[in-house]
Structures are given as structure tokens and as C-alpha cells.
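**Q** Below are the chains, spelled out letter by letter.
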Amino acid sequence: MSVASIRNREWVLVGRADDVPLLEGRSVEFDGVRIAVFRLPDGWAAIDHACPHRGGPLGDGIVAERCVTCPLHNQRFSLVSGERQDADGPGVRVYEVRERDGQLELRRPAAFERLETAA
Amino acid sequence: MSLSPFPFAASPTPRVLVVGGGIAGQAVCEQLVDRDCALTLVCGEPHLPYDRVNLGKLLSGASLAGLTLRPDTWYADHGIDVRVSTWITELDPEAGTAGTDKGDVLSFDRAVLCTGSTALVPPLPGVEVPGVHVFRGPEDCERILADAGRAERAAVIGGGLLGLEAAYALASLNVPTTVVHLMDRLMERQLDGDAAALLAPAIEQLGVEVLLEHRTEGVLTDDRGRARALRFAGGTQLDADLIVVAVGIRANTELAREIGLRVERGIVVDDQLRTSAPRVFAVGECAEHRGIVHGIVAPIREQAAIAARTVLDESGSYEGSVPSARLKVMGVELVSAGDAEGEHAVAVRDAVTGTYRKLVLRDGRAAGAVLLGDTRGSDLLLDAIRNAAPVADPLQLLADASQASAADLPDDARVCNCNGICKRAIVEAIRRRGLGSTQEVVAVTRAGAGCGSCKPVVSELLAIEREGAEEEPTYLCPCHKQTREQLAARVRAEELESVSEIGASCGAGRDCGACKPGLAYLVSEVRAGRHREERHARFINDRVHANIQNDGTFSVVPRMRGGVTSADELRRIADVVDKYEIPMVKVTGGQRIDLLGVRKEQLPAIWEELGMPSGHAYAKAVRTVKTCVGTDFCRFGLGNSIKLGIELEEAMEGLYTPHKVKSAVTGCPRNCAEAYVKDIGLVAVEGGWEVYVGGAAGSSVRKGDLLTVVTSPERAKRVALAFLQHYRENAEYLERTYAYVERVGITRVRDTVLGDGQAELIERYRIAKAATDPDPWLERHRPVSAKQFAELDSDPVLVGPPVGGMR
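As they're listed, the protein sequences go chains E and R. The first sequence begins at 1 in the numbering used here and counts up by one. The second sequence begins at 1 in the numbering used here and counts up by one.
The hints are simulated quantities; they were obtained by calculation from the structure and are not laboratory data. Some clues are possibly wrong.
Unchecked claim - Footprint (simulated), chain R over chain E, 3 or more residues, beta carbon under 8 Å:
{"#": "1", "region": "18-31"}
{"#": "2", "region": "55-65"}
{"#": "3", "region": "68-78"}
In this text, a Cβ means the ideal position worked out from N, Cα and C, and glycines have one as well.
In isolation and in its complexed conformation, chain E is listed as follows (with noise of 0.2 Å):
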């Protein structure tokens, strides 16, 4: 995957979809950053994978219909919006993921840039 096509907002090709189970999630290199992909009843979510605590491997947490807890500390964050859910603290980005043909593909939301931005 080339800097170029990601910061474009090109689908992005990560992986195949069986390689990752029901309701569990999987790491991946994407833009520079680790990303968890989750496998969801009804579609996919891709997030930060290090939670913002203390790194956690968000990808390796309990995963329920639309959030996943860390395996560390127990810090739970939504899978559709990215905020913290079991008190006030930081978020983590969510990514755009699709799967087209058994395959999976990531792509950076048109909002990051403003998230960017303002961060």
C-alpha cells in the first residue's frame, strides 16, 4: 500500500476476511499505525489497535455488538464512534472497512483530516 493512495482515500487491500473470527479482532499495518479489524455480527469495524491508556493490543480485547474492551485495563471503547464508554477519557480513530470478495480493505475516513487537525 503506498502513502500516496492512503492519504488519497483509496481503498486500501489488509487481508483476507475468514482470518478474522466472529466477534473477534485482528492487527494490522495500515498508514503508519497498527489497526484492529472486528468482525461484527451484521459488518466490521477497524479502530486504533493500542488503546490510549497504556498501549493495550485493542485487537486482542472482548469484543460485544459494537464495542471492545482492553485486554489490560479494562478501558471500553465504542467500535462505531471511537469514545471511551466506561468513564470520560480519550477515544481512538475509526477507520472505514469493507469487505469486497473475501477480502478486506481499509480506508481513512474523510473526517480524520479534521481529527488531525484539531489534535
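Starting from the known structure of chain E, arrange chain R on it as the hints suggest.
**A** Positioned in the frame of chain E, the structure of chain R alone reads:
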């Protein structure tokens, strides 16, 4: 002496030094904690402040940790400089400095002396010999407990509140106990003659003999110099080899005397709790206010609340307290407050039921009450006495009180005397926070977190707020308010086989997911291992069979039964460490070897090359059975602990449990394998094995309860397995055995595990054991998904074909 100028200007935030970490010192800190001041708390005892009021619980098996008033994090969070095992040896009120025995000098703008009291020991011949104790601190309790094991008879000198509580605790340890009292009635300071006459038989019903009007003149010793008997005035004797002296307390005033403060029976304070030195205050059992030294908790809290204002130069005046006492002895309800006697008094007395209720008036106002056997309405009466409420018809008030519910209490009536929490604060917390259980209300408001005697009122207030709805229990799934029992019943009734099916049936586990591992355990336990395993319901540790570390790597602990290994195993471990450049190899506390810093992708290959089965060190499961060398090599060994330990580990391994289960088998009571502090501990003794359960040596430290003593290793193993199964079936998820045993009581555990149900427990254990996976690490050959041990963009390190099957 002039009060100003105070040197507050020197430091913008006044520095307050609290000397003494008892209930008084803690109460002062609680009051000052959110105020603008810098707090230092100096505790002489080697513990953070604990609830001395409930000291008796230490004799019935509670741990000191359970009595600790606040965790160490509380002090850190509130910026309190707390120092334990530290004594203030000198204090200069003028200079505002205090020296510690550690050689430190602390500066202060205000000092509050909360030095408490020590037990009063009358100067009797023999009172210093081994076997004679006071009942004042945790160390005393330890010594009493140590002696209670071998004591034939105990005597408690002193029939006051403390003496009766000590006697009850001793009797509960199955030591025949006599209370020896100088006066002609028990608790003469709090009770009138009629109440005391009813109290004595009630105490005797608990197995404590009461000996009134006996003046102890000395302690007689045996030929080894240990206490043997009490000698009384008149020449009679009472055999007793364990003696507790509980005749009263003496204020600790040494420091105050040395620095020249005015001291009578206690450190004399004015209505602002100020001593004769203007920058020095005193609160609690060390202080004497208007000629009175209070030795009970409620007045101490009242003093602390006023002192917290006056040390910061705010107005406040302490006018004294109404003394009130509540006997904390199971089966005897007794509350007394204010005057026990007076000309104007009404009473109802029923010698058959042992009930006595009395109200004393002074100048037409409520002045005192004694309630024995039936303490209904005590809060209402206490409130009237505290406020000296006018009473037109005392008999009517007594009658009303017996009908009173918490709803009748005025909003500002104090419900929790220990922590000074009024009804309004409790009700507001319930409403604002939507609290659903007494446990929650206690945790949030701290009402009931002291001696606990007001918990029934707290529950009643909660019931009123919840309009009679039942309290919320402990939920396995809090999102859907489902208890373990409800979910287990649902699994049985609907024959559910998996966490997903539970979720589809009632929603549990679908919202936050936190309870999914608990649901996974539940469905596996209820269905005795014949459930559908879903990895998404398991914590990452149970998906990859290794323990996740703070950097996302994993640790690998192979099984090493009984802590016994071989040169061959050690060689393979060493080879693996070299080949995979494992950053750390560590001997664990469980007598095993831990390989730390392993990447997920390396796990299958490492397991393959180790050729040893999983040690389940990552799971809520049976971990390990530690052993000592026992009769194999040890010259003291009484039992073959290694053999029994290995057999026990083989019998238990692979079973999942509500929380981790650690075990040990030790070959003699020297306890080198630390079996006393394990979830299940077997100790070889002369002629058999002791079985301990519910021990802990983690964040809680608790010696296990002796479940039983058996004559053979086979019996010991059988009892241990029956207990394990009982725990698997009945504990809440994430409830360790020590918490479970404390919650339900060892008696109930004993009834089930040793009773008629034992054979069925063993049968169910066998079924569950037969369904266990003997070694989850074999998933290296048959992973449940292609990337079980990898990420989307990585692959597991190649695992060769199994070499000659399992080694």
C-alpha cells in the same frame, strides 16, 4: 494565652499534623481531606488506620485488611502524607516542629493529638506472665488466637462492653470462657440493674459463664510459669490458662505531659478541642473535655468534626456528646444511650423473652434509653435523646418507637454513628445515583461501613426509596440485571449450549461484553463441559492459552506437577530460551518456570519444542499444587507431600473455576509449601492430613479454614476434590475461595462437602473432569482458526509435525 498571631502567613496552605492513626486520627483526616490544608498523618502502629471497634472480628477469622478504614491509595489520592510505624518523640508547639523516632522533623501550623489509649492493666501479682493478654490491637488478637488453640479454659477480667465482646469471641472459638466482673452487674456504666439482670442469662446462653462480684487478686502459674488460674479475694480460684484483661482504658498522655500540656485523666481540651497550647488540639480517647474522657466512637467523630473547623480558625464549639453503646455480640441485641437511670423513667420488662425497653427523662425531655432484646426504634430514640426532645407521654414514645420504621426518622437524624452519616445524605445518594443494593449504598455513602450495626436501617431506607422492590443482587450481567442463578436456570430450562444462545435468549453479554467470560464459565459448568465453546467469549489468555503482559507479549508456563522437574525438561526449556531469545526466564511463586516476553506468533512453536503440557497459568482454572519434599527427603516430614501433591494436581488440572485456584500440599505443620494460605491446602500431621480451604496470600492475606482432618491421603484428596466441585458450582464468577468461604461461612461449606452430598459432588467432579481438554497447547497442531496465533499481516512460526506423539 493569646491565640494570635498564628504563623499561617508563613505558609499559605496551613500544615496540619495529625499524631495518631486510630479511629480519631482517621476521623480528623476524613473531615479535613477536602479542605485547603496540607495533611500529615503519623501512625505509630505498623498499619494504616483500621476499625478498632470491630477488633473482635479478628478473633473470628477476619483479616486486618478487611478492617482497614481506607486503602493506601486513598491517602495518595488526597495528597495525605501518611507514615506508619512512626512515633512522634518530641513536639515543640512554639516552633511548630515535631520530631519522629526515625529522626525526621515535621513542621506544622497546627497539630492534632489523637494518641488514643492503651488497655488498663491493674497491678496484680502474675499479670505479666505468658497466657495473660489485653484486647486492644491486632497483635493482641494474634497472641490470643495462638493461645486459644491450646487453651483449656479462658477467663476475661472485666464485664463491660469490651470484656463481653472478647468473651463472646473466645467462646466462639470453642474455648470454655468465664467473664469475671468486680461489680454486682454487667456493664454497670451503661445499664440499670433490671437490664443487667436480664443480660447475664442472655450472655450465658452463648456459652459464656458470668461470675459477678469477684475481685481478682492475682494470676497463678504452672511450673513453666504460664497462667494457670485466677485467684480471687476470699481465696477462691478459677482455672484458666488463657486470660484476657479488659477492665478499661487509660488515655495516652505521655507526649502531652512531656511538652507541658495540661493533663488530668486525659489531655484537657476546651470547647474548641484546643489544648493548653494554642496550636495543639486533641481529639478522641486521649482528650478530656469538661471532665469526660470518651472511649466510644460516636463522640470521637463529633469531636473530629468540630476540630476540623477550629484548627482552620473557623468557629465551632463542641458541647459534649450523649454516650451511646451497642453490644456487638451475635444473638444479644443491646443499645444504651445517655442516662440509664433517673427518677422519671418508664420501662417495659419481659423476663420470659429477655426483653427490656426503658426511656429516661430529665426535666420532661428525653435523656436516656436502654433497649435489650428488642432494639426496634433505637435510632428514633437516640435522635430524641441527642436533641433532648420534649416528651409529653414517655410510654407512648416507647410504644411508637417499637413500631417506628426508618421512614419516621427525621431527615437530619444520624443513621451511621461510626461515620456520622445522616438519613438525608443516604436518601439523596440513593435517589441521585439510583443505588439498588445495600452493598452499593454502603460503598457510596460509607453509612454502615463502620461497625455495621446500622446496616438494617440503611437497607430499610433503601427499601422505602425502592417502594418495597427487592434489593438488587450481585449480577453476573449488570447490563441486563441477570444473576448467576437466573442465568443458570435459563441455561438448564432452555438447554442453552453457548454464550451466543444465552445472548439471544435474554440479551446478556451483548451490550458491554464484560460478562462474556463469566457466561462462558457458567455454560461450561452447568453443562458439565458439554457446551459449545466460543472463543469470542473468552479473554485473550484463553484464546491463545498464554498470559498477556503489559507490552502485549505473552508468558508461557508449562505444567510442572508438584513443582517437580527433570534434567530433560530443564534442558528443553533452556534450548527454547536460547533459540527464541526469550527476554526473561523466571521461577514463579507456584514452583514453576515462566518464559516471559513471547510473541503470539511464537507460541505454537515454543510449545512444540518444550513438549510439556499447558500449566493453565493464564486461566481462571486450577493453577498448580505446590509441595515440599515431605517424607522423600525431609527429616521432619510426616506425610508424602510430593506424591499426594502430584496426584492432586493431576486430578484437578484442566478444570476451569470461578477464579484461579492455587493449592499446596505440605509434609508437616512447618508448612514449607505454604498450604495454610492456599485455596486448597493439605497439611500432613501425626496420623493424618488436615484439609484447609479459603486461604489467600495475595492482596488479601487469610489463613484457610480447617475444613476437616482425615486419616489417609486418599480421603484428603477426595475432600479436596469435593470442595473444588462445590466451589465451582456455587461461587460467583471472579469470587476467590477466601471470599466465597467468608460469604457463606465454613459451617455451610462443611455441611455440604463433608455431608451426604459428598458422593454426588465427587460424581459431578468426575463428569466435569472427563470433559476437560487435557492440553490446550495441542491446538498448535489444530488451531481453531487460521490466524489463532497471528495478526492479519503475520503468520505463526512454523510448527513441525508432532514427533512421536506427546512426549
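**Q** Hint by hint, where does the structure go against what was stated? Just the numbers, ascending.
**A** none
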